[in-house]
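A.B. asks: One letter stands for each residue in the lines below.
There are 2 protein chains.
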Amino acid sequence: MADPSTCLPLTPDSIRRTHERIKTYIHRTPLIVSRTMNKIASSPDPRAYLADDPPGIWDDDGMDGDGRGSGNEVPRFNLYFKCENHQKIGAFKARGAFSALTHLASPPNAELRGIGIEALRKRGVVTHSSGNHAQALALAASTLGVPAWIVMPTISTKSKISGTKGHKGVTVVFSGSTAPEREAVVNEVIEERRKETGEKGPILVPPYDHVDILLGQGTAGYEAEEQLRSMKRSGKICSGAAEGGHDAADGGRGGAGEGRFDAVLTPLGGGGLLGGTATWYSHTHESSKKTLVFGCEPNFEGANDGERGLAAKPPKRIEHVKTLTVADGLRTPVGIIPWSVISDNEKVEGVFSVSEDEIKMALKLMMERVKVVIEPSSAVPVAVILFNQRFRQLVAEKQKEEGTGRPCDVGVIISGGNTTVEGLSKLFSEGWNKFDAERQTGEVGVDGSRTAEDVAG
Amino acid sequence: MADPSTCLPLTPDSIRRTHERIKTYIHRTPLIVSRTMNKIASSPDPRAYLADDPPGIWDDDGMDGDGRGSGNEVPRFNLYFKCENHQKIGAFKARGAFSALTHLASPPNAELRGIGIEALRKRGVVTHSSGNHAQALALAASTLGVPAWIVMPTISTKSKISGTKGHKGVTVVFSGSTAPEREAVVNEVIEERRKETGEKGPILVPPYDHVDILLGQGTAGYEAEEQLRSMKRSGKICSGAAEGGHDAADGGRGGAGEGRFDAVLTPLGGGGLLGGTATWYSHTHESSKKTLVFGCEPNFEGANDGERGLAAKPPKRIEHVKTLTVADGLRTPVGIIPWSVISDNEKVEGVFSVSEDEIKMALKLMMERVKVVIEPSSAVPVAVILFNQRFRQLVAEKQKEEGTGRPCDVGVIISGGNTTVEGLSKLFSEGWNKFDAERQTGEVGVDGSRTAEDVAG
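In the order they appear, the protein sequences are chains A and B.
Here our numbering is used: the first residue of the first sequence is 1, the next is one more, and so on.
Here our numbering is used: the first residue of the second sequence is 458, the next is one more, and so on.
No lab work stands behind these hints: they were computed from the structure.
What you are looking at is a predicted structure, and each value in this text was computed from that prediction instead of being measured.
One should not assume that every hint holds.
Below, simulated SDA-like cross-link-like pairs (lysine to any residue); rule was C-alpha separation at most 25 Å, straight line [to be verified]:
1) A/Lys426 with B/Ser882
2) B/Lys615 with A/Arg369
3) A/Lys232 with B/Leu507
4) A/Lys158 with A/Glu118
5) B/Lys747 with B/Arg473
6) A/Lys232 with A/Asp357
7) A/Lys289 with A/Asp344
8) A/Lys290 with A/Glu118
9) B/Lys617 with A/Glu349
10) B/Lys480 with B/Arg492
11) A/Lys290 with A/Arg113
12) B/Lys883 with A/Arg369
13) B/Lys617 with A/Lys290
14) A/Lys23 with B/Asp509
15) A/Lys168 with A/Glu118
16) B/Lys480 with A/Pro108
17) A/Lys168 with B/Lys615
18) A/Lys23 with A/Arg113
19) A/Lys168 with B/Leu507
20) B/Lys615 with A/Arg17
21) A/Lys23 with A/Lys232
22) B/Lys480 with A/Ala48
23) A/Lys232 with B/Thr481
24) A/Lys158 with A/Lys398
25) A/Lys168 with B/Asp509
26) A/Lys168 with A/Arg193
27) B/Lys579 with B/Val630
28) A/Lys158 with B/Lys480
29) A/Lys289 with A/Lys398
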């Protein structure tokens with residue numbers, strides 16, 4: 001990875017500059033809206049839409065008025081999904097990989113002091129990953145003509161291995177599956193190459209714990225805001241519609257409050273995406289309409305390490321997590337650099353978590369009602385919006401304060417879509433009958449949390 | 458249904474006028490492109506992408522040149538998916554229902570002689586359907602304030618029943634599941650209402666066998682062409698991008714050959730969608746670049762009645778089909794009025810069919826690679842493009858004739874997305890291991906057909 005001293009600072013401006021650097025390599029993914037999901041999210045009981053006999057969607061049955069004036073405060077949402085499932089390699093990770101490699105490729109005497117493309121091509125890059133980061137780095141390296149060594153656990157699925165080694169100049173090296181085993185193989189690769197070439201050996205590009213990675217992932221949030229502004233200005237907001245054009249001109253218009261999200265939610269695993277997103281939206285802090293950024297985690301087997309770490313007094317990063325949550329992209333603990341952003345309550349407003357069944361319910365609704373294929377990790381923020389009573393109450397309260405009856409404009413970063421029909425089949429053919437029972441007991445506790453599990457995991 | 462003598466003729470201009478009439482009621486669904494699917498479709502063996510060890514997608518590995526100059530002629534595609542899975546009620550059927558009802562609602566003394574909205578509200582409408590047409594008519598009727606009686610077989614799924622009766626003013630009446638049983642109940646409803654009100658009783662709106670329905674369904678093809686033109690003009694064609702705005706201005710530009718599809722494919726069940734689409738594209742016949750329209754069917758248990766009917770000498774509509782193909786929207790035989798269009802070889806260039814496994818393979822690729830949820834019926838045209846050797850050979854030959862090396866611009870009408878995660882689970886957890894075997898035997902016969910089954914079903 002690039003010497004940290006040569007990285008841009010973790011600021012909104014650095015994200016804008018990173019976007020400028022990587023935009024020709026990545027897709028400007030669509031920002032889509034769904035009238036159906038707005039209706040479901042803005043209903044008093046979104047779970048009702050999962051019943052065998054769900055309420056209708058299309059009639060103007062007065063639901064728009066739900067909760068206003070009544071005793072129950074029901075939050076109201078206009079949701080905007082930033083579809084990184086349509087990103088190259090099917091996930092946002094392409095952004096971070098291109099950010100890291102284009103920094104390294106910068107000439108040493110340029111402002112962004114890298115090692116230069118020639119030196120980079122001599123040395124190459126290395127990482128260990130069994131998931132989207134492996135494919136993202138393989139893509140970025142082969143695109144720039146840089147050799148890459150990707151250490152993958154032998155137990156990785158065949159399709160992921162071939163999706164990684166299918167790129168030109170990429171070598172997959174196998175390892176055991178624990179972190180020490182993987183790191184040992186990375187060191188072996190570096191040592192071997194060093195001996196072979198007499199050079200310094202391949203440069204490690206970690207999946208999330210580096211400033212360049214955060215700056216890259218943050219560009220998804222940057223684009224989403226730009227697209228919202230362009231949609232609001234053109235009036236092109238309709239159900240099923242998408243804004244997918246390249247570089248819609250901004251012209252610097254859209255003053256405070258115009259085309260700003262009220263809130264943006266991202267999944268939280270290692271923290272690259274949340275850290276980058278929160279860094280971008282800190283630019284709204286001088287404005288009258290601040291965009292609040294939230295992280296979203298599964299709470300199964302303690303996967304909500306971010307939420308638990310923030311709840312500790314004093315807040316403290318949790319370093320080890322062992323969970324088999326269905327949201328397999330979110331099984332890692334938050335990294336050190338992401339934690340520095342996430343634990344800054346000026347940047348991240350809060351972290352919320354949801355149960356496995358809530359994730360599956362949200363995934364089912366996104367697939368059946370919005371007709372998009374997303375990976376379980378991407379359903380986590382949707383589940384927070386639909387089912388986390390503390391989050392919903394917070395939104396309802398903000399709306400009551402504002403008093404205009406305007407629904408909240410909420411951005412949701414859909415992190416990726418790398419799943420298989422077989423994987424989905426497995427998910428929905430087992431243990432898939434809990435929500436009706438839960439529905440009966442989903443009471444809101446005195447502090448607004450549904451159950452102790454929400455916090456303690 | 459409206460008196461046939463008051464219907465517009467089955468011409469492109471009538472489709473334009475129908476679109477004008479219904480456009481405020483329906484969604485202008487996005488037209489999306491996928492670089493990944495273009496690459497898969499343009500490869501010599503699309504099945505390879507279903508193997509455990511599939512070829513890469515993102516490297517520029519020279520695949521764009523595949524088949525050119527070599528002995529094997531490989532067709533090359535730029536695919537455009539018209540996403541009616543994002544239409545209201547999740548399928549194109551909303552178009553036909555609004556077309557039928559807005560015609561009926563026209564005043565008797567207007568050009569389009571209906572019975573007037575007041576008379577229509579007094580009489581109401583009736584149909585029998587267990588699927589998308591039931592919900593489409595329920596939506597259109599409730600939107601226009603017209604009472605509707607929908608006869609549904611008692612065995613219909615609960616979600617479809619509630620999706621139908623959830624609309625205001627809609628009454629679901631149950632029946633047996635055979636056609637005579639359903640028709641008997643329709644007649645009972647009409648008789649009963651007639652006695653109750655002293656009026657003529659509710660008007661029958663059939664699912665496909667009526668000119669108004671064809672004209673409505675054809676508007677999907679009309680919009681797709683308009684969107685292609687707008688995309689080509691703006692240069693806004695990128696992977697993952699979508700054109701979803703309302704009424705992009707055309708300005709009458711785009712002369713012959715500019716922004717025209719080389720071919721458009723639709724699923725073929727009752728024939729409303731194919732008949733309407735072919736009617737619209739007959740407007741290209743005076744142009745130097747004619748858009749060829751193809752129908753696509755499953756061949757399981759003789760579901761390819763359209764293909765078989767056209768192959769008969771002389772061609773003859775097949776009136777009865779009994780099949781349990783996974784493409785459940787395509788189990789019905791072609792209707793009389795649709796047949797009049799489909800059997801006109803000036804309008805429909807051909808009908809091709811695919812096996813159950815080919816449909817599942819196409820569905821899997823659309824979900825995993827394009828990240829969209831579609832119903833199995835909508836995967837049928839995709840399967841024809843990827844796996845029907847006769848179709849692929851035909852495209853390759855046209856390309857050889859043209860000699861420019863330009864890929865074909867092919868529109869695919871994605872008819873709907875009404876499926877459930879449980880339904881998908883069932884589909885992909887059983888008998889899902891055939892494609893590797895088939896891959897070995899997928900030889901092309903002397904006449905270009907893969908096996909006798911393709912034609913005989």
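A.B. asks: Does each hint fit the structure? Answer for all of them.
C.D. replies: Against the structure, the hints come out as follows:
With a C-alpha separation of about 7 Å, the suggested pairing of A/Lys426 with B/Ser882 holds against the 25 Å cut-off. At most 25 Å may separate the alpha-carbon atoms for a hinted pair to count; B/Lys615 and A/Arg369 meet this at roughly 16 Å. Taken as a hint, the A/Lys232 and B/Leu507 pair is broken in the structure, with Cα atoms around 41 Å apart against an allowance of 25 Å. Proximity of A/Lys158 to A/Glu118 is assessed by CA-CA distance (about 33 Å); at most 25 Å being required, the pair is judged violated.
For the suggested pair B/Lys747 and B/Arg473, the alpha carbons sit about 18 Å apart, so the restraint of at most 25 Å is met. Among the hinted pairs, A/Lys232 with A/Asp357 is inconsistent with the structure: their alpha-carbon atoms are about 35 Å apart, more than 25 Å. At most 25 Å may separate the alpha-carbon atoms for a hinted pair to count; A/Lys289 and A/Asp344 meet this at roughly 19 Å. Taking the CA atoms of A/Lys290 and A/Glu118, the gap is near 43 Å; set against the 25 Å cutoff, the hint is violated.
Distance check on the hinted pair: B/Lys617 and A/Glu349 sit about 41 Å apart at the alpha-carbon level, beyond 25 Å; violated. Restraint check for B/Lys480 and B/Arg492: not satisfied, since their Cα atoms lie roughly 30 Å apart, outside the 25 Å limit. Straight-line distance between C-alpha atoms of A/Lys290 and A/Arg113 comes to about 33 Å, which puts the hinted pair past the 25 Å bound. Distance restraint check for B/Lys883 and A/Arg369: the Cα-Cα separation of roughly 19 Å lies within the 25 Å cut-off, and the hinted pair is therefore satisfied.
Taken as a hint, the B/Lys617 and A/Lys290 pair is broken in the structure, with Cα atoms around 43 Å apart against an allowance of 25 Å. At most 25 Å may separate the alpha-carbon atoms for a hinted pair to count; A/Lys23 and B/Asp509 exceed this at roughly 32 Å. Among the hinted pairs, A/Lys168 with A/Glu118 is consistent with the structure: their alpha-carbon atoms are about 17 Å apart, no more than 25 Å. Between the alpha carbons of B/Lys480 and A/Pro108 the distance comes to roughly 58 Å, so the proposed pair goes past 25 Å and is violated.
For the suggested pair A/Lys168 and B/Lys615, the alpha carbons sit about 51 Å apart, so the restraint of at most 25 Å is broken. About 20 Å separates the Cα atoms of A/Lys23 and A/Arg113, which keeps this hinted pair within 25 Å; it holds. Proximity of A/Lys168 to B/Leu507 is assessed by CA-CA distance (about 21 Å); at most 25 Å being required, the pair is judged to hold. Simply put, B/Lys615 and A/Arg17 have alpha-carbon atoms about 53 Å apart, too far for the 25 Å limit, and the pair is violated.
Taking the CA atoms of A/Lys23 and A/Lys232, the gap is about 23 Å. The hint holds against a cut of 25 Å. In summary, the hint linking B/Lys480 to A/Ala48 is not supported, as the alpha carbons are separated by about 31 Å, beyond the 25 Å threshold. For the proposed pair A/Lys232 and B/Thr481, the alpha carbon gap of about 20 Å is at most 25 Å, so the pair holds. For the hint linking A/Lys158 to A/Lys398, the alpha-carbon distance of about 47 Å lies beyond 25 Å, and the restraint is violated.
Under the criterion of a C-alpha separation no larger than 25 Å, the hint pairing A/Lys168 with B/Asp509 is consistent with the structure, at around 19 Å. The straight-line distance between the Cα atoms of A/Lys168 and A/Arg193 is roughly 18 Å, inside the 25 Å bound, and the hint therefore holds. Of the supplied pair hints, the one linking B/Lys579 and B/Val630 holds, its CA atoms being roughly 19 Å apart against a limit of 25 Å. Our distance criterion of 25 Å between C-alpha atoms is broken by A/Lys158 and B/Lys480, whose separation comes to about 47 Å.
For the proposed pair A/Lys289 and A/Lys398, the alpha carbon gap of about 12 Å is at most 25 Å, so the pair holds.
When each numbered hint is compared with the structure, violations occur for hints 3, 4, 6, 8, 9, 10, 11, 13, 14, 16, 17, 20, 22, 24 and 28.
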